[in-house]
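**Student:** The lines below spell out each chain.
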Amino acid sequence: MRKISGEAFRRALIEEFRRQPIGRHSPGLRLLLNNLRSGQKEDPYILVCTKPHREWRLARKSVERGSPVRLVPDLIFSSPEQAEWEVFKLLWKESTGECLT
Amino acid sequence: MPDMTDGMPRKRLIGYADRMSVRPGERLRFMVSCDDLSAYHAQIVRLVSGDLHPQGLGFIEHPVETGITGTYAGRFQPLWAGSYAIVDGPAGPDQLGSFTVQAMIWPTSPGRRRQVILGRWSQATCRGFALALDENGTLSLELGDGASVSRVNTGVALLEREWAFVAASFDANSGRVRLHQEACASIGRAPAPILREETVPLRAVVAAGVPLLVAACAEVAEDHRATASDHFNGKIDSPRIVGQVLERHEMEALKAPVSGLPPSVLAAWDFSCEMTTDRIIDLSPWGRHGRLINLPARAMKGFNWTGEVLDWKLAPTQYGAIHFHDDDLYDAEWATDFELAVPDSLRSGVYAAKLTAEQEVEHIPFVVQPPRGQRTAEAVVLLPTASYMAYANERAGLGGGGRLHAFANHLIALGSGDLWLNDHPEVGGSLYDRHSDGSGVCYSSRLRPILNFRPGVTNAWIGAAGTAPWQFNADLALIAWLEAREIRYDVTTDEDLHDDGLELLKPYRAILTGSHPEYYSKEMYDALTAHLACGGRLMYLGGNGFYWRVAFHRELPGVIELRRAEDGIRDWVAEGGEYYHSFTGEYGGMWSRMGRRIHALAGIGMAAQGFDVSSYYRRRQESYDQRVSFIFAGVAEEIIGNFGTVGGGAAGLELDRYDLAEGSPPHALVLASSENHSDTYFPPPDEIHNATAMMDGRQNPNIRADMVFFETPSGGAVFSTGSISWIGSLTHDHCRNNVSRITENVLQRFIDPTPFGHPG
Numbered sequence: 607m608r609k610i611s612g613e614a615f616r617r618a619l620i621e622e623f624r625r626q627p628i629g630r631h632s633p634g635l636r637l638l639l640n641n642l643r644s645g646q647k648e649d650p651y652i653l654v655c656t657k658p659h660r661e662w663r664l665a666r667k668s669v670e671r672g673s674p675v676r677l678v679p680d681l682i683f684s685s686p687e688q689a690e691w692e693v694f695k696l697l698w699k700e701s702t703g704e705c706l707t
Numbered sequence: 031m032p033d034m035t036d037g038m039p040r041k042r043l044i045g046y047a048d049r050m051s052v053r054p055g056e057r058l059r060f061m062v063s064c065d066d067l068s069a070y071h072a073q074i075v076r077l078v079s080g081d082l083h084p085q086g087l088g089f090i091e092h093p094v095e096t097g098i099t100g101t102y103a104g105r106f107q108p109l110w111a112g113s114y115a116i117v118d119g120p121a122g123p124d125q126l127g128s129f130t131v132q133a134m135i136w137p138t139s140p141g142r143r144r145q146v147i148l149g150r151w152s153q154a155t156c157r158g159f160a161l162a163l164d165e166n167g168t169l170s171l172e173l174g175d176g177a178s179v180s181r182v183n184t185g186v187a188l189l190e191r192e193w194a195f196v197a198a199s200f201d202a203n204s205g206r207v208r209l210h211q212e213a214c215a216s217i218g219r220a221p222a223p224i225l226r227e228e229t230v231p232l233r234a235v236v237a238a239g240v241p242l243l244v245a246a247c248a249e250v251a252e253d254h255r256a257t258a259s260d261h262f263n264g265k266i267d268s269p270r271i272v273g274q275v276l277e278r279h280e281m282e283a284l285k286a287p288v289s290g291l292p293p294s295v296l297a298a299w300d301f302s303c304e305m306t307t308d309r310i311i312d313l314s315p316w317g318r319h320g321r322l323i324n325l326p327a328r329a330m331k332g333f334n335w336t337g338e339v340l341d342w343k344l345a346p347t348q349y350g351a352i353h354f355h356d357d358d359l360y361d362a363e364w365a366t367d368f369e370l371a372v373p374d375s376l377r378s379g380v381y382a383a384k385l386t387a388e389q390e391v392e393h394i395p396f397v398v399q400p401p402r403g404q405r406t407a408e409a410v411v412l413l414p415t416a417s418y419m420a421y422a423n424e425r426a427g428l429g430g431g432g433r434l435h436a437f438a439n440h441l442i443a444l445g446s447g448d449l450w451l452n453d454h455p456e457v458g459g460s461l462y463d464r465h466s467d468g469s470g471v472c473y474s475s476r477l478r479p480i481l482n483f484r485p486g487v488t489n490a491w492i493g494a495a496g497t498a499p500w501q502f503n504a505d506l507a508l509i510a511w512l513e514a515r516e517i518r519y520d521v522t523t524d525e526d527l528h529d530d531g532l533e534l535l536k537p538y539r540a541i542l543t544g545s546h547p548e549y550y551s552k553e554m555y556d557a558l559t560a561h562l563a564c565g566g567r568l569m570y571l572g573g574n575g576f577y578w579r580v581a582f583h584r585e586l587p588g589v590i591e592l593r594r595a596e597d598g599i600r601d602w603v604a605e606g607g608e609y610y611h612s613f614t615g616e617y618g619g620m621w622s623r624m625g626r627r628i629h630a631l632a633g634i635g636m637a638a639q640g641f642d643v644s645s646y647y648r649r650r651q652e653s654y655d656q657r658v659s660f661i662f663a664g665v666a667e668e669i670i671g672n673f674g675t676v677g678g679g680a681a682g683l684e685l686d687r688y689d690l691a692e693g694s695p696p697h698a699l700v701l702a703s704s705e706n707h708s709d710t711y712f713p714p715p716d717e718i719h720n721a722t723a724m725m726d727g728r729q730n731p732n733i734r735a736d737m738v739f740f741e742t743p744s745g746g747a748v749f750s751t752g753s754i755s756w757i758g759s760l761t762h763d764h765c766r767n768n769v770s771r772i773t774e775n776v777l778q779r780f781i782d783p784t785p786f787g788h789p790g
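Protein chains in written order, with our numbering: chain B, 607 to 707; chain S, 31 to 790.
Because the hints were derived from the structure by calculation, they are not lab data.
Values in this document were obtained by computation on a predicted structure and should not be read as measured data.
Misleading hints may appear alongside valid ones.
[To be verified] From the derived model, a few chain S residues whose C-beta atoms are all more than 12 Å from chain B:
id : residue
1  : GLY141
2  : ASN203
3  : ILE224
4  : ARG649
5  : ALA691
[What the hints assert, rightly or not] These stretches of chain B come out as covered by chain S in the derived footprint (C-beta under 8 Å, 3 or more residues):
id : segment
6  : 629–638
7  : 661–672
Even for Gly, the Cβ is constructed at its ideal location relative to N, Cα and C.
Input sequences plus hints: build the corresponding full structure.
**Tutor:** Printed below as a string of structure tokens:
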């Protein structure tokens, strides 16, 4: 088995997610996603659907009952995939400090 | 399009009807609330499709002219949530002398705000008395004479979710108040008993006409409606009022259920009496019986529960506690805006009152059955309204956060209905939610606005970016397909099945279920199985059906109860000893635990769930058997349903599979099985007897939907698809697809009176 470096492995997982943000994922990507998503401490990212099946805005909301929904300015998506990739980049930056493009 | 002034879609127009189902000639009332809208227009529409998916049919509705068409004045109608008991008969002397009040309590959120345990207290005039927990969670007695208020408290907060004896006595001669607060907590947690004495300068004066309330205090709303505030969260057991100062040992003697009480005992309620009703019974000579408002939970373990008896019917006195919640809501009791006289000409189908104002649109759906005793089609769609009630106003997306993002494998997306629910906890939750104190919601009513019982609505956390329909809107796709294929059908509902039993189904050859008929009462289950025993044909077009047992209240309309007992997928877990329904006394939980094997009814049973993407079926050799040649007529493909508007495939969300050991008929043919499910699909807990690292959909062969067919000995038959997303594939490519073809092939044969032969 060819040995790959941790860094190359991470790049491969990011690329796997970028290519297919929704649906079936490899075990490595699943672990990465679970950690990034469930590791959000305060006001996790959510979406607000502004046009059914056509438009979503990024928002944040704590898990507390009745807590307010706060829109993140200027982040509007036209597909679920676009939203997932954007949030992935935000969570990656919060976790590692690195800006993905 | 709802209001978007702050960038978020806000609903300003909501309502509900007093029933989900009517027949021609009957009447249906609609209740509406407007938020800053002076008027709205109402019109009845026939609903056909609410599939707004880019590949879906779009929103299809047809106006129906009735007498209610017109413009109505808009008004705001509040929701008064919170349960309590009210005694509005002879509530006790207005001039209070010396007295004692006592109760056993199990507080679930002490310290967050004032919570009244028992009292005759007028917020408006500050008159009367109230035994309460104050803002710090300590026991207090409040006395008011209209000019001033005295409060005495113990200064020590009660323990959360631990029983405690609480009492207060007041000596009218000396003004002496004595408070008792005694925890019954287990060794190590129980603080020492607290006795607090203080003399107060005033004598309480009760305002005439103010009722005595348990678990809240009387309030008068802005519209002069009598309501309540300062609700108590938690259990109350054995509340007593005595017209004299009692010594501690005398209080102790009154704890247990008692009879032959002297007239000095002004009230001694035994909440274990008339358990299945909304009435409370007073054992004192005064007969100060009362009624419960907003359905607090009954058949709850009392302070004296021994753990030896698990069925409240066998030891009711150990179940003398009622669990009150500040967000219970049974009947919103809104004033009627308009009333529909259902025209005789209205054919059976799914309808709605469509309300419009400015940019607002609201639909309040209802079913029209055919006239009683008649059928207007060979097939009937049995809309699973018990399941609609179970999921009514489900709120998981509001509090799911990052863990739900990981669980669902996609972002949660809140729509206008979800945002409204977030702002309005007082509308009550679903049987998946928890109350504000963390306890599970075990009753759900349809006499309130139900924001997810709407055409066009998708679930916030199911399907990518919350794009999957769930329950009603998912089932509307079956109506759209029947209309598109010009197949005659009648429509009926679970509640009708519960009320009318076998007689309801008898006229029909074929019954079509919705996508997720998960919740069944005994009456519904009996009627369905009896129909099959009489030669009926069942098309089970969904997944995770017939799973949980529910009970309808026997006196109050429109409300069901669920005890999430023993096993199964449980968003909350019923406490041990609380597995029996209060409405009926029936054991609660999963039907499969009660000798009713779902596999024996439907051929398949719950196998897995996952909420990201759907998959497809692959035909199996048995699909070429001559017994089922009619099903696959015109279907050449090996792959079935690799398309659709619910996750992109006909096999998805929740899946059922064939299992001989669980009761699937040996002669049933497994026609096709789904495959290639994602790693977010897992078996339910009742399938997991020991965890392994090979449970998910990528590596577990038991995670699949099995399409099955079998004949019954009475000439009937069952066809089951075992997938919630099946119906979402029916109209793909204008119904030119193999899911549509298979479904129609089955339906046409099932309405053919020729009996099926049992293979023996």
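**Student:** So, for every hint listed, does it hold in this structure?
**Tutor:** The hints, checked one at a time:
1. GLY141: holds (16 Å)
2. ASN203: Since the minimum Cβ distance to chain B is about 47 Å, S:ASN203 lies beyond 12 Å and the statement holds.
3. ILE224: holds (32 Å)
4. ARG649: Given a closest Cβ separation of 22 Å, the condition holds.
5. ALA691: holds (30 Å)
6. 629–638: holds (count 5)
7. 661–672: holds (count 9)
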